[in-house]
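Chemist: Could you put together the complete structure from these sequences and hints?
So the protein sequences, as listed, match chains F and L.
Per our numbering, the first sequence runs over residues 179 to 381.
Per our numbering, the second sequence runs over residues 294 to 503.
A hint or two may mislead.
Unchecked claim - Listed next, the in silico SDA-like pairs over lysine to any residue satisfying Cα-Cα at most 20 Å (straight line):
#	chain 1	residue 1	chain 2	residue 2
1	L	K355	F	R228
2	L	K397	F	K297
3	F	K236	L	L384
4	L	K389	F	G235
5	L	K389	F	T239
6	L	K355	F	S248
7	L	K480	F	M280
8	L	K444	L	Q457
9	F	K297	F	T346
10	L	K397	L	Q380
11	F	K359	L	P378
12	L	K398	F	D375
13	L	K398	F	V377
14	L	K480	F	N284
15	L	K374	L	F352
16	L	K444	L	Q466
17	L	K484	F	G240
18	L	K450	F	L238
19	L	K450	F	G240
20	L	K389	F	T346
21	L	K374	F	L238
22	F	K236	L	Q457
23	L	K397	F	Y234
24	L	K398	F	I334
25	L	K355	F	I379
26	F	K297	L	F352
27	L	K480	F	N277
28	F	K236	L	V392
29	L	K397	F	M280
30	F	K196	F	D322
31	L	K338	L	L364
32	L	K338	L	N388
33	L	K398	F	E237
34	L	K341	L	N464
35	L	K386	F	G235
36	L	K480	F	L264
37	L	K480	F	S258
38	F	K236	L	N399
None of these hints come from the bench; they were simulated from the model.
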Amino acid sequence: MRHLVFSLLLLLLLAGCKVYYPNGKQHYSTIDTTVQNPYFSELNEERLYRATIHFYGKELTGMFVAKRISQDDHRIVLTSDLGNTLFDITISKDHHVVNYVMQDLNRKIILNTLIRDFKALTQPDYHIDHQNLTHREFLSIHADRRYFLTIDDQGILSSIEIASKYKTKFEIQFKTDSLGKLDRFQIKHHGIKLNMDFVNIPF
Amino acid sequence: MKTKLIILIVSIFHMTLAKAQETAMSGAEITSFKQTVISEAQKIKTLKTDFIQYKHLDFLSKEITSSGSMLLKNPDKLLWKYNTPIQYGILFKDNKVLVNDQGKKNKVDLGNNKKFEKINKMIIGSISGDLFAANDFTITFHKNRNQRIAKLSPKTKDLSAYIQTIILYFNDQQSTVSEVQLIEPSKDYTKIVFKNKQINQPISDASFSF
Numbered sequence: 179m180r181h182l183v184f185s186l187l188l189l190l191l192l193a194g195c196k197v198y199y200p201n202g203k204q205h206y207s208t209i210d211t212t213v214q215n216p217y218f219s220e221l222n223e224e225r226l227y228r229a230t231i232h233f234y235g236k237e238l239t240g241m242f243v244a245k246r247i248s249q250d251d252h253r254i255v256l257t258s259d260l261g262n263t264l265f266d267i268t269i270s271k272d273h274h275v276v277n278y279v280m281q282d283l284n285r286k287i288i289l290n291t292l293i294r295d296f297k298a299l300t301q302p303d304y305h306i307d308h309q310n311l312t313h314r315e316f317l318s319i320h321a322d323r324r325y326f327l328t329i330d331d332q333g334i335l336s337s338i339e340i341a342s343k344y345k346t347k348f349e350i351q352f353k354t355d356s357l358g359k360l361d362r363f364q365i366k367h368h369g370i371k372l373n374m375d376f377v378n379i380p381f
Numbered sequence: 294m295k296t297k298l299i300i301l302i303v304s305i306f307h308m309t310l311a312k313a314q315e316t317a318m319s320g321a322e323i324t325s326f327k328q329t330v331i332s333e334a335q336k337i338k339t340l341k342t343d344f345i346q347y348k349h350l351d352f353l354s355k356e357i358t359s360s361g362s363m364l365l366k367n368p369d370k371l372l373w374k375y376n377t378p379i380q381y382g383i384l385f386k387d388n389k390v391l392v393n394d395q396g397k398k399n400k401v402d403l404g405n406n407k408k409f410e411k412i413n414k415m416i417i418g419s420i421s422g423d424l425f426a427a428n429d430f431t432i433t434f435h436k437n438r439n440q441r442i443a444k445l446s447p448k449t450k451d452l453s454a455y456i457q458t459i460i461l462y463f464n465d466q467q468s469t470v471s472e473v474q475l476i477e478p479s480k481d482y483t484k485i486v487f488k489n490k491q492i493n494q495p496i497s498d499a500s501f502s503f
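Modeler: So this is what it looks like as structure tokens:
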């Protein structure tokens, strides 16, 4: 009896939580397709970005490189302006290797956040389950994560918003130059005070 | 296949040759070299130099290059100013660190960032030669045809977590550093090459500001 009451309460509680959609659920229809993430997808392409990271009132700047080193792997490195490596991670869709991380950043919570962010940034394609043509939005569901990809009116991927079932976690916004190359991008978190800005610089 | 074999033989030969060029200094050479460097470092009141910084990451096809100038006024003023690829300056003055990031100025309190201070002291020390006097490193001395070379390995885990070896190159008969190579535990490294060095030329205090 007690279990039944508990189960009913849990059911009521869950029913009270609304599944998260950035622009409401009504415009979505099911679809089976793929959206390409063109950024960091060219094999061996090397582009350099100046990174500015804001974390709970602290600011960290440096140089950022994300290179697709094989079909499955991206190597992601941040160095300080003075040159020392802050972190160096190899990421693929389902695994990662931490090649080096500076002692001060070597915390599970920091590493997991960075890995999750950069996985979403560099994943070459997203399998799409739902689309919202009114807002040019595509929803990909993978491993309990929901990825909302927005395509602008030029047909270019302009943002990826990452959410759990019930709330938004972080979003990545892209800006391209006249040649369609990624000029700057921003990773903005909602639950924690973490924002990262990246601007392309000559290399 | 044949080409690969030739390349392999040439590279092995090249590596052997390069190694052969670098020999360990004798005891007497070490003593005299250390004495000269330390006494010359103590005479440095000001130092002005341009530099090019090369960050080597093994998986990249080329190095990340930055350049700028450095001003040092003993005992406690140091300014690193990067002009390319971005305007960025870091100023050490009166136990404070100030950063100018493309016009945006931030104050960094050293009290909150002891490790940052340590790394930078290490960089300053490696330029002036002061590192030889410090007891934090195991040092070996080498030479080749044109350079005298000091290789420093941190004794403490605290430092070796950041830097595995610092290599200081002294060109010709100079007693101040011409090139610094900071090798990280991952074997990636930062190389800083100094040029247009000017020692003990007057530098006004006003130069140490943004």
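Chemist: For each hint, tell me whether it holds in the structure or not.
Modeler: Results for each hint:
no., hint, result
1, K355/L to R228/F, "holds, 17 Å"
2, K397/L to K297/F, "violated, 31 Å"
3, K236/F to L384/L, "holds, 18 Å"
4, K389/L to G235/F, "holds, 19 Å"
5, K389/L to T239/F, "holds, 18 Å"
6, K355/L to S248/F, "holds, 18 Å"
7, K480/L to M280/F, "holds, 14 Å"
8, K444/L to Q457/L, "holds, 10 Å"
9, K297/F to T346/F, "holds, 17 Å"
10, K397/L to Q380/L, "holds, 10 Å"
11, K359/F to P378/L, "holds, 19 Å"
12, K398/L to D375/F, "holds, 17 Å"
13, K398/L to V377/F, "holds, 19 Å"
14, K480/L to N284/F, "holds, 19 Å"
15, K374/L to F352/L, "violated, 28 Å"
16, K444/L to Q466/L, "holds, 18 Å"
17, K484/L to G240/F, "holds, 17 Å"
18, K450/L to L238/F, "violated, 24 Å"
19, K450/L to G240/F, "violated, 25 Å"
20, K389/L to T346/F, "violated, 40 Å"
21, K374/L to L238/F, "holds, 17 Å"
22, K236/F to Q457/L, "violated, 28 Å"
23, K397/L to Y234/F, "holds, 18 Å"
24, K398/L to I334/F, "violated, 35 Å"
25, K355/L to I379/F, "holds, 15 Å"
26, K297/F to F352/L, "holds, 19 Å"
27, K480/L to N277/F, "holds, 11 Å"
28, K236/F to V392/L, "holds, 13 Å"
29, K397/L to M280/F, "violated, 26 Å"
30, K196/F to D322/F, "holds, 15 Å"
31, K338/L to L364/L, "holds, 11 Å"
32, K338/L to N388/L, "holds, 18 Å"
33, K398/L to E237/F, "holds, 11 Å"
34, K341/L to N464/L, "holds, 17 Å"
35, K386/L to G235/F, "violated, 23 Å"
36, K480/L to L264/F, "holds, 14 Å"
37, K480/L to S258/F, "holds, 16 Å"
38, K236/F to N399/L, "holds, 10 Å"
Hints 2, 15, 18, 19, 20, 22, 24, 29, 35, counting from the list given before, are not met by this structure.
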